[in-house]
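*Asks:* Okay, here's what each chain looks like letter by letter:
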Amino acid sequence: MKNKMKIRAWMDKDKTMVKAIIFHPMETGMRKDKKTGKKIPAHFITEVNCVHNGKTVLKCLWGPGVSKNPFISFRFSGAKAGDTLKISWVDNKGNSGSKEAKISA
Amino acid sequence: MQPQRRTLLQASMAVGTVALAAGAGLLSPRAVLAAWPKQAFEARKLPEALNALLGNAQASNSDQVTVKAPDIAENGAVVSVTVTTTLPNVESISVFVPVNAFPLAASYELSDVTDGFVTGRIKMAKTSDVIAVVKAGGKLYSAKKGVKVTLGGCGG
Numbered sequence: 001m002k003n004k005m006k007i008r009a010w011m012d013k014d015k016t017m018v019k020a021i022i023f024h025p026m027e028t029g030m031r032k033d034k035k036t037g038k039k040i041p042a043h044f045i046t047e048v049n050c051v052h053n054g055k056t057v058l059k060c061l062w063g064p065g066v067s068k069n070p071f072i073s074f075r076f077s078g079a080k081a082g083d084t085l086k087i088s089w090v091d092n093k094g095n096s097g098s099k100e101a102k103i104s105a
Numbered sequence: 001m002q003p004q005r006r007t008l009l010q011a012s013m014a015v016g017t018v019a020l021a022a023g024a025g026l027l028s029p030r031a032v033l034a035a036w037p038k039q040a041f042e043a044r045k046l047p048e049a050l051n052a053l054l055g056n057a058q059a060s061n062s063d064q065v066t067v068k069a070p071d072i073a074e075n076g077a078v079v080s081v082t083v084t085t086t087l088p089n090v091e092s093i094s095v096f097v098p099v100n101a102f103p104l105a106a107s108y109e110l111s112d113v114t115d116g117f118v119t120g121r122i123k124m125a126k127t128s129d130v131i132a133v134v135k136a137g138g139k140l141y142s143a144k145k146g147v148k149v150t151l152g153g154c155g156g
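In order, the protein sequences belong to chains F and U. All residue numbers for the first sequence refer to our numbering, where the first residue is 1 and numbers rise by one. All residue numbers for the second sequence refer to our numbering, where the first residue is 1 and numbers rise by one.
For the record, the hints were derived by calculation from the structure and aren't laboratory data. Just so you know, not all the hints are guaranteed correct.
Claimed, not checked - Simulated restraints, written as ranges between beta carbons of each label pair:
id	chain 1	residue 1	chain 2	residue 2	range
1	F	Lys38	U	Val78	23 to 29 Å
2	U	Ala101	F	Thr84	35 to 41 Å
3	U	Val78	F	Pro41	18 to 24 Å
4	U	Val78	F	Ala42	15 to 21 Å
5	F	Arg8	U	Lys68	19 to 25 Å
6	U	Asp63	F	Lys34	26 to 32 Å
7	U	Val113	F	Ile40	36 to 42 Å
8	U	Thr127	F	His43	26 to 32 Å
9	U	Thr127	F	Thr84	39 to 45 Å
10	F	Lys99	U	Gln64	30 to 36 Å
11	F	Lys102	U	Ser60	18 to 24 Å
12	F	Val90	U	Lys68	25 to 31 Å
Said to hold, decoys possible - To give a feel for the contact side, a few chain U residues facing chain F, derived at Cβ under 8 Å:
id	residue
13	Val78
14	Val99
15	Ala101
16	Leu104
17	Ala106
18	Ser107
19	Tyr108
20	Ser111
Backbone N, C-alpha and C fix where the C-beta goes; we use that ideal spot for every residue, glycine too.
I would like the entire structure built from these sequences, with the hints used as guidance.
*Replies:* Here it is as structure tokens:
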């Protein structure tokens, strides 16, 4: 589960399209364990940074209302094929992960 | 509000908690965005969440903001939402579900090279509007889209 992420980034004319999935349970803290009846503690990603050339092109602030295994898609300009895009995240328990992807043509 | 009291509060407590940052945010919304806006995410009502996140609870409807979401979501746990805007100088795009326990689902901060377009997947407790609020040039613009949820996505 930990640190798993899929990133696809490619050039669409002069823009860069990005699609990414981060594998994370995104527990709201309101769900109950069916066996024990106890609440499952909240566990969700709070912040995601998408960085190109040292510049944050998209910063996501998330709450527990974001679906499990969150998906994001966005578009930005100023990059070229072969450049690296780095996506990193942190969650409310202090876990973090990051991954780099090459932007394809 | 009482801005002075807020400043005092912040000054008297050196602990840099997120709640304090959000309190100070009433003076400068930018400061809130520096840290995770706990107060906004824990707000139980839409206007509170809006105010805590963007420092303003008033957003005007705009046809330059579009929310794309399914008419019917069979599974409220995964509702794909795309927000697009043609407004210039977009600073952030936020997605709210008013009927959820915590209306604020996600907020995206855009850079000057990022297009006014973002897709994400959110949870919806029941049938409701999905509200997108775009902050552009210091003002708030909103649009909404009704989604019929046949199976709720919060709680178990």
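*Asks:* Now tell me, hint by hint, if it's right for this structure.
*Replies:* Here's how the hints hold up against the structure:
1. Roughly 25 Å separates the CB atoms of Lys38/F and Val78/U, a value that falls within the hinted 23 to 29 Å.
2. In this structure the hint that Ala101/U and Thr84/F lie 35 to 41 Å apart at CB holds, the actual value being about 39 Å.
3. As the Cβ distance of Val78/U to Pro41/F is approximately 22 Å, the hint placing it in 18 to 24 Å holds.
4. Val78/U and Ala42/F have their C-beta atoms about 19 Å apart, which keeps the hinted 15 to 21 Å range intact.
5. The supplied range of 19 to 25 Å is met by Arg8/F and Lys68/U, whose beta-carbon atoms lie about 20 Å from each other.
6. Take Asp63/U and Lys34/F: their Cβ atoms lie about 45 Å apart, and the range 26 to 32 Å is violated.
7. Here the CB-CB span from Val113/U to Ile40/F is close to 39 Å, well matched to the stated 36 to 42 Å.
8. For Thr127/U and His43/F, the hinted distance range of 26 to 32 Å is satisfied, since their beta carbons lie about 27 Å from each other.
9. The supplied range of 39 to 45 Å is met by Thr127/U and Thr84/F, whose beta-carbon atoms lie about 42 Å from each other.
10. At about 34 Å, the beta-carbon gap between Lys99/F and Gln64/U stays in the expected band of 30 to 36 Å.
11. One distance hint, 18 to 24 Å for the beta-carbon pair Lys102/F and Ser60/U, is violated here, with the actual separation near 41 Å.
12. Separation of Val90/F from Lys68/U is about 29 Å and conforms to the stated range, judged on CB atoms against 25 to 31 Å.
13. Nearest Cβ of chain F to the Cβ of Val78/U: about 5 Å, under the 8 Å cut. The hint holds.
14. Interface hint status for Val99/U: violated, as the beta-carbon distance to the closest one in chain F is roughly 11 Å, over 8 Å.
15. With a least beta-carbon distance of about 6 Å to chain F, the hint placing Ala101/U at the interface is held under the 8 Å criterion.
16. Taken as an interface hint, Leu104/U checks out: its beta carbon lies about 6 Å from the nearest beta carbon of chain F, inside 8 Å.
17. A distance limit of 8 Å between C-beta atoms decides the matter here; for Ala106/U the minimum to chain F is near 5 Å, and the interface restraint holds.
18. With a cut of 8 Å, the hint placing Ser107/U at the interface with chain F holds, because the nearest CB-to-CB distance is about 4 Å.
19. A cut of 8 Å between beta carbons decides the hint on Tyr108/U: the least distance to chain F is about 5 Å, and the hint holds.
20. Given hint, Ser111/U at the interface with chain F, holds; its Cβ is 5 Å from that chain's nearest Cβ, closer than 8 Å.
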